[in-house]
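Protein sequence lines, in the order shown, are assigned to chains F and Y.
No gaps in the numbering here: position 239 of the first sequence is 239 in our numbering, and each next residue is one more.
No gaps in the numbering here: position 170 of the second sequence is 170 in our numbering, and each next residue is one more.
Think of the hints as simulated: they come from the structure by calculation, not from any bench.
Here the structure is a predicted model, which means the values were calculated and not measured.
Among these hints, one or two may not hold up.
[Unchecked claim] Just some of the chain Y residues that point at chain F, by a computed CB distance under 8 Å:
#, residue
1, Leu89
2, Glu92
3, Asp95
4, Ser107
5, Leu111
6, Met125
7, Asn185
8, Ser188
9, Phe211
10, Ser251
11, Glu257
12, Ile336
13, Ser340
[Unchecked claim] DEER-style ranges, computed between Cβ atoms:
#, chain 1, residue 1, chain 2, residue 2, range
14, Y, Leu105, F, His642, 26 to 36 Å
15, Y, Gly124, F, Pro613, 26 to 36 Å
16, F, Ala83, Y, Thr280, 54 to 64 Å
17, F, Gly81, Y, Thr280, 34 to 44 Å
18, F, Leu297, Y, Lys184, 32 to 42 Å
19, F, Lys206, Y, Asp204, 43 to 53 Å
20, Y, Glu116, F, His642, 21 to 31 Å
[Stated by the list, open to error] With a straight-line Cα cutoff of 20 Å, these simulated DMTMM-like cross-link-like pairs (lysine to aspartate or glutamate) come out:
#, chain 1, residue 1, chain 2, residue 2
21, Y, Lys304, F, Asp478
22, F, Lys408, F, Glu453
23, F, Lys551, Y, Glu131
24, F, Lys25, F, Glu453
Ideal Cβ placement from N, Cα and C applies to all residues, glycine included.
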Amino acid sequence: MLVSYEWLSEYVDLNGISPKDLAEKITRSGIEVEMVQILDKEIQNVVVGHVLSKEKHPEADKLNICMVDVGEENPLQIVCGAANVAAGQKVAVAKVGAVLPGNFKIKKAKLRGVVSNGMICSLAELGMETKVVAKEYSAGIFNFPSDTKIGQNAMEALGFQDAVLELGLTPNRSDCLSMIGVAYEVAALLNEKVHLNVPQYQAGPKSTTELIQAKVEVGSPLYVLKAITNVKIGRSPMWLESRLMKAGVRPINNVVDITNYILLEYGQPLHAFDYNKLNTKEIIVRQARDQEQLETLDGIIRTLTSDDLVITDGTKPVALAGVMGGSNSEVDAQTTTVILESAVFDRQAVRNTSKLLGLRSEASARFEKGIDMNRVIPAVEMAAAMLEKYAGATVCEGISMVQTKDSKAITVQTTLNKINGLLGTEISTKEVLEIFNRLGFSTVETDGMFTVEVPTRRWDILIEEDLIEEVGRLYGYDRIPCTLPKEETTIGQLNRVQKLRRLAKRMMETSGLQEAISYGLTSEEKSKMFSLYSESVQPIELMLPMSEERKTLRLSLIPHLLDALGYNLARKNEDVALYEMGNIYLPSANPEELPTESNHLAAAMTGNILNHPWQGETKKVDFFYVKGVIEALCEALGISEHLNFVRAENEGFHPGRCADIVLESKNKIGVIGQIHPELEKTWGIKETYAFELNFTQLTALSAAKIRYKEMPRFPGMTRDIALVVDKQTTHAELQETIVKAGGKLLKSVALFDVYMGDRVGAGKKSMAYSLLYLDPERTLTEEEVIKVHDMVLQALAEKNGAVLR
Amino acid sequence: MKERLQALQQEAVAKINEITDDLKQLNEIRISYLGKKGPITEVLKGMGALSAEERPKIGAIANEVRTVIQEKIEQKTKAIEEAIIQKKLASEAIDVTLPGRPQFLGSKHPLTIVIEEIEDLFIGMGYEIAEGPEVESDYFNFEMLNLPKGHPARDMQDSFYITEEILLRTHTSPVQARTMVGKKNKESFKIICPGKVFRRDDDDATHSHQFTQIEGLVVGENIRMSDLKGTLEVFAKKMFGPEREIRLRPSFFPFTEPSVEMDISCMMCAGNGCKTCKHTGWIEILGAGMVHPHVLEMAGYHSKKFSGFAFGMGPDRIAMLKYGIHDIRHFYTNDIRFLSQFKPSMD
């Protein structure tokens with residue numbers, strides 16, 4: 001909402017408060033003033049001039065030489081390039097020495113050999129946006145009405161010695177979508193009274209109802225028509241055009257301008273029908289019929305449904321109720337009799353129609369957000385008075401009205417205790433009464449109970465708390481003290497899962513990974529890649545995505561990390577190790593239920609994990625580095641013994657370098673592997689390893705409680721063995737055999753060498769282990785160890801065909 | 001004899017002094033003077049010719065000479081060994097300015113740094129951390145927050161719907177409603193709820209279709225707006241420095257009444273006016289208010305008995321202000337040149 005300071009001062013005494021101070025005051029008490037524009041801030045020395053003559057420039061087709069009377073002894077010779085300049089016009093002249101917006105200084109100049117003592121200005125050159133300038137002047141210079149005084153300050157004549165406040169209104173304060181609404185707000189802040197103009201005109205001889213009758217079938221609690229005859233379409237007075245422009249509205253002609261002016265002043269949209277284009281003497285508000293058509297004022301033919309509300313002339317639709325008029329009843333230059341419509345329409349109906357047809361107008365916005373029923377009649381009466389005065393019209397007596405809902409003020413109660421209890425203040429009864437008085441709410445107080453009559457103009461106030469907010473904001477939030485809740489002391493802490501999540505993140509960082517955060521939405525293609533779930537689990541799609549790239553909810557974090565790796569590699573960041581912890585979204589069987597969200601932990605690494613070339617130590621990331629990161633995490637979480645890595649071929653991974661991470665030997669809860677080289681190409685990445693874990697499932701495992709065990713007091717005995725086995729035999733298989741056969745005395749088994757080559761023969765490999773035997777209670781004898789160790793070797797030979805090397 | 005012994009001592013000491021670094025020569029001197037065939041032994045052998053009176057005197061002198069030579073040799077040996085070690089160590093010197101073996105440092109995402117800092121601050125004030133789904137029902141995301149279907153404020157946050165009734169949550173506020181509904185005994189509580197939220201915005205420097213929020217909610221029997229103001233003041237001073245001032249401006253949210261926005265005095269210019277605060281001296285940080293009685297009632301709390309306050313803030317915006325980041329998209333691009341700048345110890 002653009003509010004002219006000059007216009008506002010018509011309703012409220014603004015003496016002694018500058019536009020800037022007023023803006024600050026409004027902002028602090030509830031409505032944000034987004035901008036204060038001082039219209040004549042940078043403009044000096046521009047006056048009204050009278051073009052006495054116009055001649056073509058001898059050397060330039062597009063230039064004219066004008067003699068302009070600016071109220072000085074001699075007329076000025078000015079070269080003007082505007083196509084619409086003509087003798088007899090009153091124009092804005094920037095004299096030599098004038099300053100225009102952007103610190104543009106006017107100097108005496110020679111244009112193609114002809115001296116020019118100034119410039120004839122367009123309104124754009126005077127700082128007004130072209131789109132709000134009347135069409136006939138928007139491409140060229142502006143013409144003042146012919147009675148404008150020559151030599152007068154042009155900004156004064158334009159009504160631009162003014163400031164405009166731009167209000168950013170929250171949805172609850174749509175009462176300030178009108179000058180009168182803003183006036184009440186400002187009056188309350190300044191403790192001033194609001195002065196409203198009273199419409200005055202000479203009615204008759206005809207009455208409105210002789211010409212037209214309103215009928216409402218549905219959708220309008222209050223519907224008013226008023227007939228105006230002998231309308232003479234023409235230009236509005238300068239002050240009216242000025243106020244419209246300052247409010248961001250383009251002047252068109254006096255009838256349209258007046259309806260727009262009333263919209264801005266009262267917040268009441270008016271519509272004017274050309275009476276001679278109506279087929280009957282009835283205006284009927286009804287539901288549209290399916291497939292019914294109406295060409296709206298913007299020239300577009302709209303096909304309607306029964307959800308839309310239309311105004312008809314008894315035979316055909318002539319307007320979309322509250323949204324836009326129809327071309328078939330439009331006021332034009334030949335119009336002499338108009339029917340003014342002032343009404344309240346069903347909010348939801350207007351909202352639906354404007355949304356469905358993509359038609360948002362100043363009028364529809366107000367119908368959607370609320371209308372003061374008590375301004376419907378004053379608004380149309382004021383419009384009638386203005387049409388009489390500025391369009392030479394004759395106003396018909398009375399109105400035609402249909403009202404189905406009363407327009408009484410509502411009553412809300414509150415108490416002093418409740419006010420101070422909720423705000424934490426010590427406001428007195430007197431102060432509360434004063435605040436309600438400033439707001440213009442008539443209030444009765446008995447024993448600390450306030451009974452407040454809320455005028456219909458403040459339809460946002462419905463309950464006690466709304467009143468308390470009014471008291472609070474006018475009392476001043478700065479005056480509310482700072483306290484802390486006096487509740488019982490509570491223990492704040494992270495819950496178990498939250499602690500584990502932080503632990504896991506710290507473990508990733510300790511392992512040298514950097515935390516990434518990526519989007520939950522992805523493309524359909526990427527959402528299906530690297531999923532830990534079966535193919536029957538299909539990703540969830542948005543109803544109305546904004547783009548193909550952000551269309552589907554993710555099932556895996558890996559594609560997002562690969563995106564980030566590709567982005568980094570393209571910028572020559574070669575060594576990248578990223579992890580992300582975030583949710584993936586699994587559809588539920590019943591689409592009416594919320595999806596299941598699983599917290600996943602994933603990482604992707606490429607490049608070096610050690611880069612220390614001068615000592616010859618440079619190492620690229622490999623499968624086992626990444627596996628070590630997971631193992632360290634499981635160690636920290638105390639769940640190492642529950643997880644296994646099982647060789648697997650998963651889509652998207654190198655077929656020989658991929659494993660499922662399996663919980664308790666049955667549930668797959670993760671995957672690790674090298675990204676398939678073919679896929680790496682499409683992402684623009686090189687030798688990348690990644691893993692993803694279902695962290696929600698990991699945290700479902702509980703680590704054993706810590707129980708201290710005495711440190712062994714007796715020495716153990718170590719036996720190293722090198723085994724030759726088939727190449728396919730896995731470490732896990734050998735380890736399992738050793739652990740089973742080693743029994744209680746075997747304390748640990750550690751792999752220390754893997755060899756494949758000529759010395760062990762084709763299809764074979766050598767695996768070397770160090771076995772530690774230990775009894776915490778006593779020193780083991782050589783014989784005991786030999787006995788167990790032989791059993792281990794025997795088991796290895798039997799189960800795994802292992803031969804000692 | 002005495003003279004002979006003293007001359008031997010002098011001779012030996014002179015020889016020892018001549019040696020600089022040869023342990024072998026030193027050993028030879030030891031053998032030649034102190035050995036069984038050495039001159040001192042020779043002298044002692046001739047002691048039989050001395051009187052009983054002279055014998056012990058000469059014996060004492062001979063022992064003294066022996067001791068002096070012995071000590072001199074030991075001293076010299078020690079000095080030479082010391083010199084050898086020094087020489088070896090000197091040869092082992094390294095260029096300590098050569099680069100060390102690099103450790104790859106992990107790092108927290110800047111949003112995590114901000115979120116954890118806020119979490120820890122409120123945990124210290126007795127709050128628990130509540131969480132809710134990112135894919136939410138229209139019911140919890142809007143209706144339970146006093147935003148019935150067709151409410152004009154729904155325009156303020158156009159949303160990503162999955163079905164007519166399910167959407168990506170547009171704020172963390174549904175966690176408020178879920179927490180209240182979940183409290184079987186309808187008792188007092190204090191929570192904050194961090195999380196991801198989604199809105200239909202085109203991504204640009206100041207908009208992101210996905211960002212983070214932290215919601216706070218306190219419900220009790222006597223919660224006042226002054227408690228909200230005091231809590232927010234503690235928050236502002238902790239996050240942005242003890243010299244920060246706060247101010248509340250009236251605002252509107254459908255789920256709070258009264259509603260406010262909180263500004264802090266600009267940390268860039270100390271309130272004097274600069275580009276960051278658009279020359280107002282104040283920076284808008286968060287929205288807050290007293291829980292709307294409808295919201296309490298819908299969740300089963302009697303609004304006559306209970307009151308509460310709620311606040312909601314954007315870690316993205318806070319991180320941008322704190323670290324001087326000008327493009328919100330940096331948070332989600334994961335460029336390591338960006339991520340590496342946020343070291344764990346820095347604030």
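The hints, checked one at a time:
no.: 1; hint: Leu89; verdict: 21 Å, violated
no.: 2; hint: Glu92; verdict: 16 Å, violated
no.: 3; hint: Asp95; verdict: 10 Å, violated
no.: 4; hint: Ser107; verdict: 5 Å, holds
no.: 5; hint: Leu111; verdict: 6 Å, holds
no.: 6; hint: Met125; verdict: 6 Å, holds
no.: 7; hint: Asn185; verdict: 14 Å, violated
no.: 8; hint: Ser188; verdict: 5 Å, holds
no.: 9; hint: Phe211; verdict: 10 Å, violated
no.: 10; hint: Ser251; verdict: 6 Å, holds
no.: 11; hint: Glu257; verdict: 4 Å, holds
no.: 12; hint: Ile336; verdict: 5 Å, holds
no.: 13; hint: Ser340; verdict: 7 Å, holds
no.: 14; hint: Y:Leu105 / F:His642: 26 to 36 Å; verdict: 30 Å, holds
no.: 15; hint: Y:Gly124 / F:Pro613: 26 to 36 Å; verdict: 47 Å, violated
no.: 16; hint: F:Ala83 / Y:Thr280: 54 to 64 Å; verdict: 44 Å, violated
no.: 17; hint: F:Gly81 / Y:Thr280: 34 to 44 Å; verdict: 41 Å, holds
no.: 18; hint: F:Leu297 / Y:Lys184: 32 to 42 Å; verdict: 58 Å, violated
no.: 19; hint: F:Lys206 / Y:Asp204: 43 to 53 Å; verdict: 59 Å, violated
no.: 20; hint: Y:Glu116 / F:His642: 21 to 31 Å; verdict: 28 Å, holds
no.: 21; hint: Y:Lys304 / F:Asp478; verdict: 26 Å, violated
no.: 22; hint: F:Lys408 / F:Glu453; verdict: 10 Å, holds
no.: 23; hint: F:Lys551 / Y:Glu131; verdict: 25 Å, violated
no.: 24; hint: F:Lys25 / F:Glu453; verdict: 26 Å, violated
Violated hints, in rising order: 1, 2, 3, 7, 9, 15, 16, 18, 19, 21, 23 and 24; the structure is consistent with all others.
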